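Chemist: Take a look at the letters that make up each chain.
Protein chains: 2
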Amino acid sequence: MPVLVMKFGGTSVATLDRIKRAAKRVGVEVAKGYDVIVIVSAMSGKTNELVGWVTETSPLFDAREYDAVVSSGENVTAGLMALTLQEMDVPARSWQGWQVPLKTTSAHSAARIEEIPTGNINAKFSEGMKVAVVAGFQGISPEGRITTLGRGGSDTTAVAFAAAFGAERCDIYTDVDGVYTTDPRICGKARKMDKIAFEEMLELASLGAKVLQTRSVELAMRYGVRLRVVSSFEEQSDNAGTLVCAEEDIMESNVVSGVAFSRDEAKMTLISVADRPGIAAAIFGPLSEAGVNVDMIVQNISEEGRTDMTFSCPTDQVLRAEKAMNDAKGRGDINFHELVVDDAVAKVSVVGIGMRSHAGVAAQMFKALQDEGINIKVITTSEIKISVLIDRKYMELAVQALHDAFGLEKVT
Amino acid sequence: MPVLVMKFGGTSVATLDRIKRAAKRVGVEVAKGYDVIVIVSAMSGKTNELVGWVTETSPLFDAREYDAVVSSGENVTAGLMALTLQEMDVPARSWQGWQVPLKTTSAHSAARIEEIPTGNINAKFSEGMKVAVVAGFQGISPEGRITTLGRGGSDTTAVAFAAAFGAERCDIYTDVDGVYTTDPRICGKARKMDKIAFEEMLELASLGAKVLQTRSVELAMRYGVRLRVVSSFEEQSDNAGTLVCAEEDIMESNVVSGVAFSRDEAKMTLISVADRPGIAAAIFGPLSEAGVNVDMIVQNISEEGRTDMTFSCPTDQVLRAEKAMNDAKGRGDINFHELVVDDAVAKVSVVGIGMRSHAGVAAQMFKALQDEGINIKVITTSEIKISVLIDRKYMELAVQALHDAFGLEKVT
Chain F
1197 MPVLVMKFGG
1207 TSVATLDRIK
1217 RAAKRVGVEV
1227 AKGYDVIVIV
1237 SAMSGKTNEL
1247 VGWVTETSPL
1257 FDAREYDAVV
1267 SSGENVTAGL
1277 MALTLQEMDV
1287 PARSWQGWQV
1297 PLKTTSAHSA
1307 ARIEEIPTGN
1317 INAKFSEGMK
1327 VAVVAGFQGI
1337 SPEGRITTLG
1347 RGGSDTTAVA
1357 FAAAFGAERC
1367 DIYTDVDGVY
1377 TTDPRICGKA
1387 RKMDKIAFEE
1397 MLELASLGAK
1407 VLQTRSVELA
1417 MRYGVRLRVV
1427 SSFEEQSDNA
1437 GTLVCAEEDI
1447 MESNVVSGVA
1457 FSRDEAKMTL
1467 ISVADRPGIA
1477 AAIFGPLSEA
1487 GVNVDMIVQN
1497 ISEEGRTDMT
1507 FSCPTDQVLR
1517 AEKAMNDAKG
1527 RGDINFHELV
1537 VDDAVAKVSV
1547 VGIGMRSHAG
1557 VAAQMFKALQ
1567 DEGINIKVIT
1577 TSEIKISVLI
1587 DRKYMELAVQ
1597 ALHDAFGLEK
1607 VT
Chain P
1197 MPVLVMKFGG
1207 TSVATLDRIK
1217 RAAKRVGVEV
1227 AKGYDVIVIV
1237 SAMSGKTNEL
1247 VGWVTETSPL
1257 FDAREYDAVV
1267 SSGENVTAGL
1277 MALTLQEMDV
1287 PARSWQGWQV
1297 PLKTTSAHSA
1307 ARIEEIPTGN
1317 INAKFSEGMK
1327 VAVVAGFQGI
1337 SPEGRITTLG
1347 RGGSDTTAVA
1357 FAAAFGAERC
1367 DIYTDVDGVY
1377 TTDPRICGKA
1387 RKMDKIAFEE
1397 MLELASLGAK
1407 VLQTRSVELA
1417 MRYGVRLRVV
1427 SSFEEQSDNA
1437 GTLVCAEEDI
1447 MESNVVSGVA
1457 FSRDEAKMTL
1467 ISVADRPGIA
1477 AAIFGPLSEA
1487 GVNVDMIVQN
1497 ISEEGRTDMT
1507 FSCPTDQVLR
1517 AEKAMNDAKG
1527 RGDINFHELV
1537 VDDAVAKVSV
1547 VGIGMRSHAG
1557 VAAQMFKALQ
1567 DEGINIKVIT
1577 TSEIKISVLI
1587 DRKYMELAVQ
1597 ALHDAFGLEK
1607 VT
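Listed in order, the protein sequences are those of chains F and P.
Sequential numbering from 1197 applies to the first sequence in my numbering.
Sequential numbering from 1197 applies to the second sequence in my numbering.
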């Protein structure tokens, strides 16, 4: 029998009614002849409650105990989903991570999947079980303790099962009906894409289009798992949602596929830094140690042995970044004239694998922004992405202007 | 190191503060030099919530899935307790049933413990771990699935661990400070007992003194585990609580140890039943099938081939019992003149192993009741117990009178 993996996130299993709704979707696929592996998250809110208890009990918790506690939410949903399917006369049973066993590293709370033996579950499929309901986000360490996979762990579980079982597809059921050219709340012309390449999805995911966890997309790309993002809350059809797939499976694509953005960015500039070998390490080492997630980095041309160094980070990390820089200055590790902070900027990016073969995308982007009178503060580029920092108040306008400029409302 | 087992019930771990309080008790025992095995229940209310979800999802649920869901509450508490102990610098870790492994039969939701290998936990004790926190109520079946032990399962888990590890004692922390001669809410002179024999505790437990689950007392008796019932909410001392132990460990005991009672009893009498061989089976078979828990049974002397048969059951089972009897009469299986129901009776019992060697206890009991003008409706006796049914309105009076008559307020 062909195998299908279906993953339901926290909002899709938040109540018994929603579990029933999800189970009906599973029933539809079973009726088509699939053996189905269902991956479930905890009912929404449950994991946060458990995490709250752990951190209140022990701020610097033993991650092994954190995992033992936090994994329990998924076990509850897995059992309830199996029972719901049984009520629909679909032969199903639940599997906890250690029962599969989903083998991981010992890096508790951020474990990596090492192996998913298929024997136990396949034996049950061959006995007539139609659905294996697996608790997502969890596994077992070589020491026999429960591990969890960290943020987005259930998406990663789903993709890993799809790879291990050679599944025809991995469907991620969520509260949006697919991946859009940009956020429809900001741009009314945003269009749901039928297909998107792994590489594009990775850029969009890491830029803040919170549909799929970056890690699960990476894994899907590596193992060639066809991922589909689809809504739990709308009517289902075979072409529903967005298929995330290899570039080769997309016949013709727009030069630009989507416009991503990130609202709460801050730009920090170290004015007149003494420019010497190792200066970048002297700046970004302390920032990393202080837990600052530096995103864009721009170094201006050096004049007379001094340069300006600009970087961006989330606004809520500005204080930490300032302290780290002033401490480094105090220790004499770096020397700068002034630290200028602009915490009212946003990042806007255009993404598309078509850029590789098309020149002039950057120029077109800058022109569109200029036409709206939007000043560009920082620019960075990658092979399939161009990002700019602009004043936050222009963010929505910039997204709309770029969406129009690249004609994203139209299918190619 | 000597091993101590400490069990904390749902109310004793209902909040993070209460878990902290319980952990401090554990710390005291560790400081005395014990290796401690802590058995925890789910936070109070949690198991009921999970059971509610299961039964709403699937009224005739698959007990294997029920167990997978319902066992999760104990896993949460076990992890939180381990974290709390670690915060107190007590080396501790949590164990789920399958990790021990606590091996049970496959009778899901009512599994019996088959074996508790001590190797895994003892290995950790010898590495310096001081406390093994074990999720109560759960185990693993020969098929590798999670099982639960049914009502009172955590008490049973605690006693079984004490037996397997040869523990010096098994302390059951609960919301009362010990076993009383009778319920202090009914009789102001009720006295907490320092010691009570297993046999007496069994009679008191099954008669409604809901301190310890009958099954755990039976297990403790079989394996000679010294059980102590002690309060989570009062100051601790070495002589706190009540020790449940072998008869031989009690130097001298009162003839009567306690007065038990059960308020909501009903007395049913089948008037003028045709007395023939097999008539008892013809009556009590249908009652059993109807789920009626028959307690006392009295058959009067037969006259001219007919007799009166009286039995008692909980008041909320009266309707079922009446229907079962009338149906049996309708089928011609039994024949009686009339079914008289008195649903305003209560059962009062005196219990004591001293009865075995003392005559006249029954006479003393009946005299005490007579002195208060209380009419006795039914009497049954066992080796260490005498029970009577009386009008419910006299129940409190009877308990107080018997407590006085046998001098239970005084230590022997």
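Think of the hints as simulated: they come from the structure by calculation, not from any bench.
These figures come from a predicted structure and were not determined experimentally.
Take these hints with a grain of salt, some might be off.
Note that identical chains are pooled: a pair holds if it fits in a single copy or bridges any two copies.
[Claimed, not checked] Think about it this way: if two alpha-carbon atoms lie no more than 30 angstroms apart in a straight line, the pair counts; the simulated DSBU-like pairs of lysine-lysine are: (1) Lys1589 / Lys1563; (2) Lys1299 / Lys1320; (3) Lys1220 / Lys1391; (4) Lys1228 / Lys1391; (5) Lys1519 / Lys1320; (6) Lys1242 / Lys1216; (7) Lys1606 / Lys1391; (8) Lys1220 / Lys1388; (9) Lys1525 / Lys1388; (10) Lys1519 / Lys1589; (11) Lys1242 / Lys1220; (12) Lys1299 / Lys1385; (13) Lys1519 / Lys1242; (14) Lys1216 / Lys1385; (15) Lys1320 / Lys1563.
Chemist: Would you mind marking each hint as holding or not holding in the structure?
Modeler: Evaluated hints:
1. Lys1589 / Lys1563: within (19 angstroms within a copy, 93 angstroms between copies)
2. Lys1299 / Lys1320: Both ways: lysine 1299 and lysine 1320 sit 19 angstroms apart in one copy and 22 angstroms across, limit 30 angstroms.
3. Lys1220 / Lys1391: within (25 angstroms within a copy, 58 angstroms between copies)
4. Lys1228 / Lys1391: Within one copy only: 23 angstroms inside a chain, 66 angstroms across chains, cut-off 30 angstroms.
5. Lys1519 / Lys1320: neither (57 angstroms within a copy, 44 angstroms between copies)
6. Lys1242 / Lys1216: both (18 angstroms within a copy, 22 angstroms between copies)
7. Lys1606 / Lys1391: within (14 angstroms within a copy, 84 angstroms between copies)
8. Lys1220 / Lys1388: within (24 angstroms within a copy, 57 angstroms between copies)
9. Lys1525 / Lys1388: neither (49 angstroms within a copy, 70 angstroms between copies)
10. Lys1519 / Lys1589: Cα proximity of lysine 1519 and lysine 1589: one copy only (27 angstroms, versus 76 angstroms across).
11. Lys1242 / Lys1220: Both ways: lysine 1242 and lysine 1220 sit 23 angstroms apart in one copy and 28 angstroms across, limit 30 angstroms.
12. Lys1299 / Lys1385: neither (45 angstroms within a copy, 60 angstroms between copies)
13. Lys1519 / Lys1242: neither (36 angstroms within a copy, 45 angstroms between copies)
14. Lys1216 / Lys1385: neither (34 angstroms within a copy, 55 angstroms between copies)
15. Lys1320 / Lys1563: neither (60 angstroms within a copy, 67 angstroms between copies)
The structure fails to meet hints 5, 9, 12, 13, 14, 15 from the earlier list, while all remaining hints are met.
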